[in-house]
Amino acid sequence: MIKFLAKGLIRDRSRSLFPLLTIIITVTLVIFGIGFMEGAMNNFLQSTAVISSGHVKVVTKAYEKESSQLPNDLALFKTNKIIQNLSDLYPNYFWTPRITFGGLLDTPNEDGDTKEQGPVFGIGIDFHSKTSRQIEIWELEKYLLHGNLPKNTNDALISTKLAKQLSVNVGSTVTLISTTMDNAFTTYNFEITGIFNLNKGQVDRQMMLVDISGARQALGMEGAASEILGYHQSLYYNDNEATSMRNDFNLTISDSITKVLRDEASYDALSYMNGWNMISDIEKRKLPRQRTDALSDNQMYDNNEDWEDLSVEDPAIYAPTMIALRDASQLASMVDFSNVAMGVMAGIFLVIVTIVLWNMGLMNGLRRYGEFGLRLAIGESKSQVYRSMIIEALLIGFVGTLLGTILGVSLTYYVQENGIDYSEAINQMSSDMVLPNVFYAKVTSELYYIGFIPGVLATVLGTMLAGFAIYRREMSQLFKELES
Amino acid sequence: MSTKNVIEIKNLVKQFSVGEGYFTALQSVDLSLAEGEFVGLVGPSGSGKTTLLNIIGGLDSATHGSVNVLDKSIEKTSHNERAEIRRKNMGFIFQSYNLLPVYTVYENVELPLILNNVEKTDRVKKVTQAIEWVGLQDKINSKPAQMSGGECQRTAIARAIVHEPALLLADEPTANLDAENSHNIMKILSKLNTEMSTSFVFATHDEKIMGYLKRIIHLEDGRILNDKKISIPKFS
Numbered sequence: 001m002i003k004f005l006a007k008g009l010i011r012d013r014s015r016s017l018f019p020l021l022t023i024i025i026t027v028t029l030v031i032f033g034i035g036f037m038e039g040a041m042n043n044f045l046q047s048t049a050v051i052s053s054g055h056v057k058v059v060t061k062a063y064e065k066e067s068s069q070l071p072n073d074l075a076l077f078k079t080n081k082i083i084q085n086l087s088d089l090y091p092n093y094f095w096t097p098r099i100t101f102g103g104l105l106d107t108p109n110e111d112g113d114t115k116e117q118g119p120v121f122g123i124g125i126d127f128h129s130k131t132s133r134q135i136e137i138w139e140l141e142k143y144l145l146h147g148n149l150p151k152n153t154n155d156a157l158i159s160t161k162l163a164k165q166l167s168v169n170v171g172s173t174v175t176l177i178s179t180t181m182d183n184a185f186t187t188y189n190f191e192i193t194g195i196f197n198l199n200k201g202q203v204d205r206q207m208m209l210v211d212i213s214g215a216r217q218a219l220g221m222e223g224a225a226s227e228i229l230g231y232h233q234s235l236y237y238n239d240n241e242a243t244s245m246r247n248d249f250n251l252t253i254s255d256s257i258t259k260v261l262r263d264e265a266s267y268d269a270l271s272y273m274n275g276w277n278m279i280s281d282i283e284k285r286k287l288p289r290q291r292t293d294a295l296s297d298n299q300m301y302d303n304n305e306d307w308e309d310l311s312v313e314d315p316a317i318y319a320p321t322m323i324a325l326r327d328a329s330q331l332a333s334m335v336d337f338s339n340v341a342m343g344v345m346a347g348i349f350l351v352i353v354t355i356v357l358w359n360m361g362l363m364n365g366l367r368r369y370g371e372f373g374l375r376l377a378i379g380e381s382k383s384q385v386y387r388s389m390i391i392e393a394l395l396i397g398f399v400g401t402l403l404g405t406i407l408g409v410s411l412t413y414y415v416q417e418n419g420i421d422y423s424e425a426i427n428q429m430s431s432d433m434v435l436p437n438v439f440y441a442k443v444t445s446e447l448y449y450i451g452f453i454p455g456v457l458a459t460v461l462g463t464m465l466a467g468f469a470i471y472r473r474e475m476s477q478l479f480k481e482l483e484s
Numbered sequence: 001m002s003t004k005n006v007i008e009i010k011n012l013v014k015q016f017s018v019g020e021g022y023f024t025a026l027q028s029v030d031l032s033l034a035e036g037e038f039v040g041l042v043g044p045s046g047s048g049k050t051t052l053l054n055i056i057g058g059l060d061s062a063t064h065g066s067v068n069v070l071d072k073s074i075e076k077t078s079h080n081e082r083a084e085i086r087r088k089n090m091g092f093i094f095q096s097y098n099l100l101p102v103y104t105v106y107e108n109v110e111l112p113l114i115l116n117n118v119e120k121t122d123r124v125k126k127v128t129q130a131i132e133w134v135g136l137q138d139k140i141n142s143k144p145a146q147m148s149g150g151e152c153q154r155t156a157i158a159r160a161i162v163h164e165p166a167l168l169l170a171d172e173p174t175a176n177l178d179a180e181n182s183h184n185i186m187k188i189l190s191k192l193n194t195e196m197s198t199s200f201v202f203a204t205h206d207e208k209i210m211g212y213l214k215r216i217i218h219l220e221d222g223r224i225l226n227d228k229k230i231s232i233p234k235f236s
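Quick note, the sequences are listed as chains A and B, same order.
If you're matching positions, the first sequence starts at 1 in the working numbering and goes up one per residue.
If you're matching positions, the second sequence starts at 1 in the working numbering and goes up one per residue.
Just so you know, the hints here were simulated from the structure itself, not pulled from any lab data.
Be aware that a few hints might be false.
[Unchecked claim] Taking lysine to aspartate or glutamate pairs in the DMTMM-like style, the calculated list, with each CA pair at most 20 angstroms apart, reads:
#: 1; chain 1: B; residue 1: K234; chain 2: B; residue 2: E180
#: 2; chain 1: A; residue 1: K3; chain 2: B; residue 2: E119
#: 3; chain 1: A; residue 1: K164; chain 2: A; residue 2: D106
#: 4; chain 1: B; residue 1: K143; chain 2: A; residue 2: D12
[Said to hold, decoys possible] In silico negatives: residues of chain A with every beta carbon more than 10 angstroms from chain B:
#: 5; residue: G118
#: 6; residue: E136
#: 7; residue: N154
#: 8; residue: T187
#: 9; residue: T243
#: 10; residue: S244
#: 11; residue: V340
[Said to hold, decoys possible] Interface residues of chain A toward chain B, partial, derived using beta-carbon atoms under 7 angstroms:
#: 12; residue: M1
#: 13; residue: R11
#: 14; residue: D12
#: 15; residue: L374
#: 16; residue: A377
#: 17; residue: K382
Even glycine gets a Cβ: it sits at the ideal position worked out from N, Cα and C.
Please model the complete structure; the sequences and the hints are all you need to start from.
Structure (structure tokens):
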């Protein structure tokens, strides 16, 4: 009988090919839709993470309060040690120092006088360490339009927009005019080795990228960094993990250091700070006083009502604190909204296609009441007919979902690798948000099974519902439908 | 030679719910049918002939009364038991043939044998024989859409008799056919009735086939008006 039914199933395209195609298309759409939404949101977050926030980042408490001013006088010291400790504590993340700085970039003419001058937003990143993944996450090999990546301390990359503004090319020398972390005037010459376009809207308008060693020399920040950025090894932002890590760090490490810094006598606290002793000792014995004095001379942070329990006199302002991506750039509401919106959209999408496939299963069952009536007449029992309907739906649903999943995941993978370019639309926006020009989908583990909800479950449930009528109807009623 | 009854119906009443009341389709029907009979249930639309046929076939249940078919009390059997009776002992012919469109003539005729778990070699023999009976050897691999109405109904007949049932129920088997095809179909059925021990019950109001019937039971408003045996049918 199974062979007989299979023969009919293969021959009757309205029973096999049409439902199969519907399921394949629907499942493909579900998978691609969810994969693309997931990927697009991750692209947006990743762009922000790469340029400004990391998935998490560690800064001093004071730096966090004044981060909009790029206050390198509030930077972290002994960053190698901190990075080592962070790597030990959170091995799923990789950590990298970052110096962000502002200033003027001056291009000289043949006589050494200023030819062009303009503001610059500089970022010192770790180009040269063996374990550094900065070139990878910035995708610099892709976005570098001219020249080469920096090899020397004073090499620099600048954006196409800044290069155009300053009329400079690869090989030109530019002078950075800025202040050191001790608030002293500084000038430093960089040689432009490459020009890039990050394809991230207006973000790279005034951007210069240098190796962190160059930034340290230029700004007198030996061993220091504005921030230490952490990225999940997979480069996929997991908001729950990042926020729980931030809470853990701030409770167990940051607060302990704060306590030590405030109370030199409380050495007990050091015992569970697991490797932070060295920094704490340095910060506690020497640097806070020195830096607090410097801050006191500088009126820049006098207006510090927003510092809550911190004051410029408080040595604890140099305690490291961790910030998750959602805390930076006012992204919390965006992350929350996107999580809810993604859930709602995926849910609605799933419900719609589930109803479509449910309905298809139902209609397919109803359409065949005549056939069922006949089969009952020639002696099949209701349960045999019902069972064959379910097996058929299960088979079609499974094969369709399998093919749809393969197709959907392949399509999502293709868009994950190649992306969809929205350059024109993004470039017309004048937003401060870090928006990527190219959106990539994301193949996540859930894509391998999510299609089975509409593909198999809905199809089978729809068929089951249609099949219930076989049990509820008098057989003579099925016969009337058979004859009609 | 004594013949046993294949159908015994006593005081059969069938009512259908209509709104808050009910409609009586059959009332006080008493009927006996002997093995090998060729009977027509005749009457206008709504007289109750299809309802009676459905109850005999176990497709519907009586409201009151007793219905014995092939020595089984239909009202006391479960759905599965009724399905088994139909599968093994009954054949059905419908007005609109009801062939499965994706299967060939051979496969449509084969279906009852598959349900009865008949061995493949026996199936081939029986299906070939049934198709020969109805004269469709040259259409054995055709599908219903490629055949005329008469050929489709002959296929349906082959399907109904392939497992040599004790009882064949036909509901308006010639209603969709022209006169020539109607006569051809009735000739085939009447020949089968002579050659096999199968009993035939027709529900019909087609005057053309009356001449083949050996017994005519007139139904009107759910009652048997008269029950007439014909010793020599017109087209015997």
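Evaluated hints:
no.	hint	in the structure
1	B/K234 to B/E180	holds, 16 angstroms
2	A/K3 to B/E119	holds, 14 angstroms
3	A/K164 to A/D106	holds, 13 angstroms
4	B/K143 to A/D12	holds, 12 angstroms
5	G118	holds, 76 angstroms
6	E136	holds, 57 angstroms
7	N154	holds, 79 angstroms
8	T187	holds, 86 angstroms
9	T243	holds, 58 angstroms
10	S244	holds, 58 angstroms
11	V340	holds, 48 angstroms
12	M1	holds, 6 angstroms
13	R11	holds, 4 angstroms
14	D12	holds, 4 angstroms
15	L374	holds, 5 angstroms
16	A377	holds, 5 angstroms
17	K382	holds, 6 angstroms
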